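**Q** Note that the protein sequences, when read in sequence, are chains A and B. Here the working numbering is used: the first residue of the first sequence is 1416, the next is one more, and so on. Here the working numbering is used: the first residue of the second sequence is -7, the next is one more, and so on.
Any given hint could turn out to be false.
[Said to hold, decoys possible] Just a few of them, taken from the derived set where beta-carbon distance is under 8 Å, the chain B residues facing chain A: (1) D2; (2) A4; (3) I5; (4) M8; (5) S11; (6) L12; (7) D15; (8) G17; (9) R78; (10) Q83; (11) K96; (12) P97; (13) I98; (14) L100.
[To be verified] What follows is a list of derived Cβ distance ranges for each label pair: (15) B:E105 / A:A1869: 27 to 35 Å; (16) A:R1856 / B:E105: 42 to 50 Å; (17) B:Y32 / A:S1956: 43 to 51 Å; (18) B:E105 / A:G1931: 29 to 37 Å; (19) B:V(-7) / A:S1956: 36 to 44 Å; (20) B:D15 / A:L1851: 35 to 43 Å; (21) A:E1791 / B:R87: 55 to 63 Å; (22) B:D15 / A:H2044: 38 to 46 Å; (23) B:Y32 / A:G1998: 27 to 35 Å; (24) B:A59 / A:G1998: 54 to 62 Å; (25) A:A1951 / B:R87: 55 to 63 Å.
Keep in mind that the hints were calculated from the coordinates and are not lab data. Note that this is a predicted model, so its numbers are computed, not measured. By construction, the Cβ of each residue, glycine as well, lies at the ideal position given by its N, Cα and C atoms.
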Amino acid sequence: MFLLLLADPAPPPAVLAALARMPTDTAWALAADRAALDAVVEAPAVVLLDAGLSWAVPQQLLAAAHRRFPDSPVLLLTARSEPELIEPWLRAGIADYVRLDDLARLPHAVGCLAAPRATAHNLSEEFYQMLVAQSAEGIWCFELDLPLDLALPLEAQIAHIAGNAVLVECNDAMARMYGYARADELLGARLDSMLDPNDPRNAAYLQAFIRNGYRLVEAESFEHDRDGNERVFLNSLVGTIVDGRLVRAWGTQRDITARVRDEREQDLRAATGSLLAEALAYEATINNVARLLVPAMADYCLIHAAGPAGSQQLTAVHREQAAQQLLDRLGALTSTENAQPAHIIGEVLRTGSSLFQPEVSLEETLAALGEGEAMELFRQLGPRSYIVAPLRARGQVQGALTLARVAGRPPFDRRDLALAEELAGRCAVALDNATLYREARDALQARDELLTIASHELRTPLTAILGFTSVLQRRNARNTRLDERDAHILGALAQQGERLERLISMVLDQARIAAGRLELTREPLDLRALLLLLAAQLEPSLERHQIVVDVGEAPLLVEGDRLRLEQVFLHLLLNALKYSPRGGTIRMTARQRDARVEVQISDQGIGVPPAELSRLGQRFFRATNVNSHQISGTGIGLYVVQGILAAHAGELRIASREGEGTTVTVTMPQAVAEAST
Amino acid sequence: VIQVLVVDDDVAIREMLLSLMEDEGYAAVGVGDGQEALDYLRGADALPQAILLDLMMPRLDGWAFYAAQQADPALAAIPVIVLSARPDGAQQVARLGQVQFLSKPIDLTRLVELLEQVAPA
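Please build the complete structure, drawing on both the sequences and the hints.
**A** Here you go:
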């Protein structure tokens, strides 16, 4: 094979190295100017043109090469391959190009350009035809009625190709992809009858062909067969350019419709799956699912829930805004009348099996509908193919999923039915979960309300008990009438009553926090003073414990509810006492750290099993080791403490070693002291 | 002698409060709801110097009683101390206006202090 390299002044070393690696039967000559070109006698198989640094010189060389060897294709060697740089070269008549950083491709590119000649020389026409006929891939050639001027704007080029391309050659494999038996049935078809150039996906396909220098590898086109079913093809194609105009394109195509459908269905499953997985607010979720299915699978979608009085429409989504209103109106009508489509849906709800109508005769349906507004709306919606699939969960039909397609879209098939049933099943589970969740939430709310009422009812007798106790104590203080033991009993009555009151308060507080109704009266206050006061109050009652306080000398200002914060730290101190039944030191420290106040309370008590640390503070949770130490409690205290702290933008951290003790750390934002003047 | 009207539907609480009033040297009368309280006040020879008022009561509750009392020029000036076990008692009372509030169970020392404030001897 003889190659001619045109380079001015000298070819890049990389090109020479690449030529050296060409097959051994390759001979080549170098020409740097027209004189040298004209001196070449043998027509080269391929002319290699070094784009060099300038535009004008290689352009002149290219023109000269075309004149001298009109049958020799020209391969451009260029450092850059941006479409806008390559396009003028294509218009000037190069057959292909290779980038200088991609010279490994040179042997292949040269081989391709030289091949048609080799085919013509070495393969019989008959053998070549047989190869094409036997190929499982579609092989085709479109010719343009009017060659395309490559200088036109992009949009105009797309329109020109779509409007002028005619299928002039193809094999039987290609014809079968469109539902025909033989190539001659398809030949003569125009490109715009096979694919819709206004479909953005096809516009992107043609655009890529143009921008990529009139060639494309493995690009998808979305076409339809003779029955109107959508087919997806994977195309590889290359254009032929003569005198700066695109005249035809050769290509191959593979039918990937099934694969694309698989992928789409998988995507749909994944998308609905993730939507439904978090479906606790199910009205919104059901709506989102409907929006996912339209237009991916249907032109409109209805989801109904089965209710005691029939079906209730949860959502209705149409792909077109105008038709959405029809659908909404129809939904409003059929919720009161037992008309279509409520009638059809009712049947699915009753029988629990799907209704599959691939081809609906609108006339028959309308006749069955009778007169009225519903019928008119139905006629305007114009369903041509529909599926109603039951939403079934826990063996019960919970509702129905309706998918419909209108004219202009292929009808549903069995596979669509299977997918619809699967998606309906998933919707049903989500719907069911949402119902269970709502019931559970309502039960929790009822419990909290019950606690509030019960607490009030508990407080009334306690008020009398504590009041009478207090009256007696006051009388005894005024003139001693009770001996010391009776006075002690009276004290114990008061103490236990107060303990009961604290428990009631805590139960109330937790209900309030759980319902988000904790109210605070905020004021600037000195946490240091508050902690010292609490420690001093506890001091007299300590028997086996001592409290060591280290709160510094300076005030620790925070903004908060005094009574609530007293409650928090009193509770934490009482916990420290309670969970160290054998006594020991309770250490309470407080300091300023960054812009927060940090309080730590540590004990030498029973500690918390490591696995349970993270669950402390959950409502009604108690660590398991409290039982062996026989320490009673409700599992509410820390929940309340956390709730109060959270309302103060505070945090609670607990560190513990079982059997050694627990350290509780509270941090709260520091209040900015008001500037005193 | 300073007179106090105790309005509470719970017999035990009423009795307890009356005991306390007696011990502290007040002349106290107890009634079981807001309507009884209004009837008593409108028929009384001498008006009390303070009213201890429960909120949640049958017939006429504490709020309705307070509204009626405020609407009656003869009664409006009598100071009211609200005693309630309602968890949101403090907030409820803040809406009523110029009244004192003590939560139930009642801190009796605090109640005696408050009485001395609103109805000084």
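**Q** If you check each hint against the structure, which ones fail?
**A** 8, 20, 23 and 25
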